[in-house]
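Undergrad: All residue numbers for the sequence shown refer to the working numbering, where the first residue is 1 and numbers rise by one.
Since the hints were derived computationally from the structure, they do not count as laboratory data. Note that the coordinates shown come from a computational prediction; the quantities given were computed from them, not determined experimentally. Keep in mind that a hint or two might mislead.
Distance ranges between label pairs, derived from CB positions [stated by the list, open to error]:
| hint | residue 1 | residue 2 | range |
| --- | --- | --- | --- |
| 1 | E263 | K220 | 51 to 57 Å |
| 2 | A321 | K94 | 50 to 56 Å |
| 3 | S153 | D274 | 30 to 36 Å |
| 4 | R285 | E247 | 25 to 31 Å |
| 5 | G282 | S130 | 19 to 25 Å |
| 6 | L91 | H323 | 30 to 36 Å |
| 7 | E263 | R145 | 57 to 63 Å |
| 8 | H317 | G171 | 54 to 60 Å |
| 9 | A95 | D226 | 28 to 34 Å |
As a list, the in silico DMTMM-like pairs of lysine to aspartate or glutamate whose alpha-carbon atoms are at most 20 Å apart [to be verified]:
| hint | residue 1 | residue 2 |
| --- | --- | --- |
| 10 | K220 | D232 |
| 11 | K125 | D178 |
| 12 | K288 | E266 |
| 13 | K125 | E200 |
| 14 | K94 | E126 |
| 15 | K220 | D181 |
| 16 | K288 | E175 |
| 17 | K288 | D228 |
| 18 | K288 | E200 |
| 19 | K288 | D232 |
| 20 | K288 | E247 |
| 21 | K288 | E70 |
| 22 | K125 | E70 |
| 23 | K125 | D181 |
| 24 | K220 | E332 |
Every residue, glycine too, gets a C-beta built ideally from N, C-alpha and C.
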Amino acid sequence: MPEASPSGDPTPTPTTGATGATGATGAAGAATAESVATPALTAESTGETTLVVVTGVSGGGRSTVARALENVGYYVVDNLPQALMLDMAELALKAGGAARRTAMVLDVRSRAFSTDLVGAIRELKERGFSPRVVFVDADDEVLIRRFESVRRSHPLQGDGRLADGIAVERGLLEEARDQADVIIDTSHLNVNQLRRRIEELFGAEDARRLRLTVLSFGFKYGLPPDADFVLDARFLPNPYWVPELREHTGREAAVSSYVLGQEGAEAFVGTYADLVNATTAGFEREGKRYLTVAVGCTGGKHRSVAISEELAARLRHLGLAAHAQHRDLGRE
Numbered sequence: 001m002p003e004a005s006p007s008g009d010p011t012p013t014p015t016t017g018a019t020g021a022t023g024a025t026g027a028a029g030a031a032t033a034e035s036v037a038t039p040a041l042t043a044e045s046t047g048e049t050t051l052v053v054v055t056g057v058s059g060g061g062r063s064t065v066a067r068a069l070e071n072v073g074y075y076v077v078d079n080l081p082q083a084l085m086l087d088m089a090e091l092a093l094k095a096g097g098a099a100r101r102t103a104m105v106l107d108v109r110s111r112a113f114s115t116d117l118v119g120a121i122r123e124l125k126e127r128g129f130s131p132r133v134v135f136v137d138a139d140d141e142v143l144i145r146r147f148e149s150v151r152r153s154h155p156l157q158g159d160g161r162l163a164d165g166i167a168v169e170r171g172l173l174e175e176a177r178d179q180a181d182v183i184i185d186t187s188h189l190n191v192n193q194l195r196r197r198i199e200e201l202f203g204a205e206d207a208r209r210l211r212l213t214v215l216s217f218g219f220k221y222g223l224p225p226d227a228d229f230v231l232d233a234r235f236l237p238n239p240y241w242v243p244e245l246r247e248h249t250g251r252e253a254a255v256s257s258y259v260l261g262q263e264g265a266e267a268f269v270g271t272y273a274d275l276v277n278a279t280t281a282g283f284e285r286e287g288k289r290y291l292t293v294a295v296g297c298t299g300g301k302h303r304s305v306a307i308s309e310e311l312a313a314r315l316r317h318l319g320l321a322a323h324a325q326h327r328d329l330g331r332e
């Protein structure tokens, strides 16, 4: 059953599997609202601001596109009235930081304020911005199935049928579709396939990578609630009982050498490094961006810390983005 976004946009059904058609047409043109006679911004001033405008048919998957853009670092504004697009772009430019990559998502509720999306985009260009317009589409039969599966009416069908609402919306969006930079047909894409398509188009390689945290902890303080894997290092001798090591931590060479030199420690670290490495590609395919490997010992000071540091180093050696954190270090 397709999921419905909070905005009521049924997203692509997760049960289909084939790859959908995508395409690109010419540049978008556009703009709206009250034009103020202000000088155009220079290309240099807007060059660091990346704008994406997401629109398309209801039920086409705009909500999934919005979430995918958030995954790769965009500041996403949903249901933005077209009359406010230029204001939003200028706010993003002034704010800088994360807002320099902004995506504006428009649907039929946005069109209640204005129906001139093409004019709104033209105004952005006249002010020096270079928005990329993404249009999500799907076959009528697929859209009808999606709406029926979530028992929602089409926003424009009124007292008519679903097909009537879809036809009205297609008419309103015809010019915007013709001038979109990217058209994505989601008829045969499931949620994960659509997300990957957006990440390929708009995400830097680093933004799409799975990030791993190897987290040491003490069992006596409880399990980390966000752990995806939990490893138990208590089978190793505890440096706490070695007087010269008791006051030191697993981040120090003497304790680390002691822990990693114990029988089974090398196999333990190597086996789990291979296990985690074997799962990362699958987690990335499923859209997971953060993975926590928790390593526990009694108090989170010696064994778990040394193992976490070594495991994180092994994972980095395998090409993964991994770092160690120590939840309970210094807590005793």
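Undergrad: Take the hints in turn and mark each one as holding or not.
TA: Evaluated hints:
About 25 Å separates the C-beta atoms of E263 and K220, a value inconsistent with the hinted range of 51 to 57 Å. Take A321 and K94: their Cβ atoms lie about 32 Å apart, and the range 50 to 56 Å is violated. Against the hinted window of 30 to 36 Å, the Cβ-Cβ separation of S153 and D274 comes to about 52 Å, which falls outside the hint. For R285 paired with E247, a C-beta distance near 46 Å fails the hint of 25 to 31 Å.
For the pair G282 and S130, the supplied restraint of 19 to 25 Å is violated, since their beta-carbon distance comes to about 36 Å. For L91 paired with H323, a C-beta distance near 34 Å keeps the hint of 30 to 36 Å intact. In this structure, E263 and R145 meet the distance hint of 57 to 63 Å, their C-beta atoms being roughly 60 Å apart. Between H317 and G171 the beta carbon distance is about 57 Å. The supplied range of 54 to 60 Å therefore holds.
The hint said 28 to 34 Å for the Cβ distance between A95 and D226, and at roughly 30 Å that hint holds. Of the pairs offered as hints, the one joining K220 and D232 holds, with about 12 Å between alpha carbons and a cut-off of 20 Å not exceeded. Restraint check: the Cα-Cα separation between K125 and D178 comes to about 17 Å, which is no more than 20 Å; the hinted pair holds. Among the hinted pairs, K288 with E266 is inconsistent with the structure: their alpha-carbon atoms are about 29 Å apart, more than 20 Å.
Between K125 and E200 the CA atoms are separated by roughly 25 Å; this puts the pair beyond 20 Å, and the hint is violated. Distance restraint check for K94 and E126: the Cα-Cα separation of roughly 18 Å lies within the 20 Å cut-off, and the hinted pair is therefore satisfied. At roughly 56 Å between alpha-carbon atoms, K220 and D181 are farther apart than 20 Å, so this suggested pair is violated. For the hint pairing K288 with E175, the CA-to-CA distance comes to about 36 Å; that exceeds 20 Å, so the pair is violated.
Distance hint between K288 and D228 is fulfilled; the C-alpha atoms sit about 11 Å from each other, no more than 20 Å. This hinted pair checks out: K288 and E200 have alpha carbons roughly 15 Å apart, not beyond 20 Å. With a C-alpha separation of about 24 Å, the suggested pairing of K288 with D232 is violated against the 20 Å cut-off. Between K288 and E247 the CA atoms are separated by roughly 38 Å; this puts the pair beyond 20 Å, and the hint is violated.
For the given pair, K288 sits about 13 Å from E70 by alpha-carbon distance, which is consistent with the 20 Å threshold. Distance check on the hinted pair: K125 and E70 sit about 24 Å apart at the alpha-carbon level, beyond 20 Å; violated. About 14 Å separates the Cα atoms of K125 and D181, which keeps this hinted pair within 20 Å; it holds. For the hint pairing K220 with E332, the CA-to-CA distance comes to about 11 Å; that is within 20 Å, so the pair holds.
Consistency with the previously given hints fails for numbers 1, 2, 3, 4, 5, 12, 13, 15, 16, 19, 20, 22, ordered from lowest to highest.
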